[in-house]
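Engineer: These are the residues of each chain, in order.
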Amino acid sequence: MSAGPGQPGLSAPVLELDRLSLSFGGLRALSELDLQVSEHEVVSVIGPNGAGKTTVFNVITGVYEPSAGDVRFAAQPGSAESIAGRPPHVIARLGVARTFQTLRLFMNMSVLENVMAATYGGTRAMPWESVLRLPRARREEREARALAEDVLSFFGQRLAGYRWDQPAYSLSYANRRRLEIARALATRPKLLLLDEPAAGMNPAETHEITELIGRLCDERQVAILVIEHDMHVVSGCSDRVVALDHGVKIAEGSFDAVANHPAVVEAYMGRHPEDLAGAE
Amino acid sequence: MSIDPQGPEVGADEWVARQAHRREYLPSWLGRAQRAGERIGWWPRLAIAGVAGLALPLLGLGGFQLQVGIDALVIALLAVGLNIVVGWAGLLDLGYVAFFGFGAYGYALLSSSQLGANGIHLPYWLSLPIVMIGAALLGLAVGLPSRRLLGDYLAIVTLFLGEAFVEFTNNVAPSKLGGPNGITAIDPIRSFGVVLTTNESYYYLLVIVVVVTMAVLRLLEYSRTGRAWRAVREDPLAAAAMTIPVNRVKLSAFACGAMVAALAGTIFAAQQASVFPTDFDTPILILIYAGLILGGTGSIAGAATGALVVMVIYDGLLRSPAEASLLFYGLGLLTLLVKLRPWRRLAVVLGATVALGYAAHAIAAAISSSAVASGPQSGGWLGDGLRNWIIVPANPQTAGNVGFVVLICLAITLVQVKGRWRTILLVPTIYLAAFVWETRLVNEPAITRQLMIGAILIVMMISRPQGLLGQRRVEVAT
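Keeping their order, the protein sequence lines are chains A and B.
Residue 135 in this note's numbering sits at position 135 of the first sequence; the count goes up by one each step and never skips.
For this note's numbering, count along the second sequence from 1 and bump the result up by 1000.
To be clear, the hints were calculated from the coordinates, so they are not data collected in a lab.
Each statement offered as a hint is correct.
Examples of chain B residues lying across from chain A (beta carbon under 10 Å, computed):
{"#": "1", "residue": "ALA1215"}
{"#": "2", "residue": "ARG1224"}
{"#": "3", "residue": "GLU1234"}
{"#": "4", "residue": "ALA1239"}
{"#": "5", "residue": "THR1243"}
{"#": "6", "residue": "ASN1247"}
For glycine and all other residues, C-beta sits at the position ideal for the given N, C-alpha and C.
Can you build the whole structure from these sequences, using the hints too?
Structural biologist: Okay, here's the thing in structure tokens:
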């Protein structure tokens, strides 16, 4: 399903990883990784623990600088620019938002404030404007609040009403995951990186997350790159699946193709004993 | 608790979430006042506090009380400014007092005969912005090397910078900065034909400045900038991923805190009419932190209240032995009344302590008259009341020193044992504490007030870790 150049009806890539490599000293965390995410596309990254999935996210969002290769991001179609090595807040302002595998909410701030804090990059009011309540500050504050209420209402009753003024630490685990997604949406992203959104959720909540990812893509017009271990979620939401192992892409394609790919089976299950014997 | 029928269905974790968020109020009538305060909103609350502050001198404050009020308000202003850096941005800045010193020295240089042939004598409306902008720049300069330092490392570097300021003023350009002799004969605050000369005028000015600063900071707290400060405190990595430029936000917190400190410094220098390097040393830093922690980090009202409480106790009540004694016995009795339950146990402990005292005094007097030769050191009716209860030997100093060591051992034993033994041991501990107080501590206000502030902070941290008006926070290990 990858979009070739010039093909009508298929949109241009939002994100492009070009022979991306990252080494920590002698350890190669990622080597020569190519990956594309197009507009309105949901791409899943799978792979066993330590395969380098979260590292990919950290390179895209600017936490790490790649050792070689390039990360290109197109905020508008056709305006791809390299974002490799730029500071995280700049990349976030360009339109790349993420959630974290280990939740990283602003625990002692209210639900609404968590989301409103993410509008920082989209607003301009200086401190004295906020103090004097000048028109720009008031307008931006109104808009930030409206945006926050809008993205929170995306989760229906889950994060509604009386919850807004509660501190984030009082939320249940599943709601914290939802709040992280809402907070990421408040940066008005073009590309959303979800790091194990269904981790620690029960089957009903997992199902809900799967639907949610589809809705995010359709209603919010964001491209989504998602790391997930739960294969129900992966098969339910992805247009395309990429499998990593030891920082190398071992398979790419539809869910069924990747799930049955010998290299992927081997990465998860190990080699079949008979094959092992044959190899020796 | 009622459940809203229109609301979402309530499951177990929903219920826990609602319970967990129930605000914790102060006990009894203080809590009721807190609730009433919350209903009327923040600015009427602040206005009431301001009017009360302005009306206070009408009760007829003496010169000493007024000076205590001025000192307390200066520390309150500093604590409110420190709250930006420590409470909101979460940066442990131990060099904060240097900005206070910078403001004071800056004002002193611009409003005295130190510089040039005839000196510079700028009006306040001109010198204040110069000093505040200078302090903001200094804050940026201090923040720049510190912006990548976290927690303890930042604390050590800023502590060094704070000490460097004291050394600087002591040793650099003595003809201008005056060295250890400081700068004297500083002009009073003068602007648009108004000259503030009396202590009353400085008191009123400080009340207004503190209230206005608190209002400004309150407007900042729930703005774009305030949210960014707190987001950086909560999780810098997540803040950066949410479009917040972490380093720049940290620097702006440093600069804003420095400006408030410099503002306090200018008023301090003008009111004292002199500045010395020792005015800006570590003890004052500890007082500011004590106020902030007692009141609750992260809360503007808490910072101001905590600083006022600390300073009124520290500077006002603990200077004279009579008032210090009242505070000592009053707080001791109050703690017993609040903490000791059931009532029967309280009655037994109090009764036994009183009986123990009279018995011990009678026995000691019968054995040797020199054992009770000196009366209690607390004066007034309190001293008279205690005369036949507490033993004060002819050489109270030595006895007090020994008693102090024994008291510490007893206190440590007391927290180790449980049940009946704790009750029994409590009686001699209380008596010994009174003994040490009467023989030694009451005459050493310089030491006593440090001990008392320390004790108050310890009790506070045990009983109410979030401070007087602070919100309880969860710490997330990352």
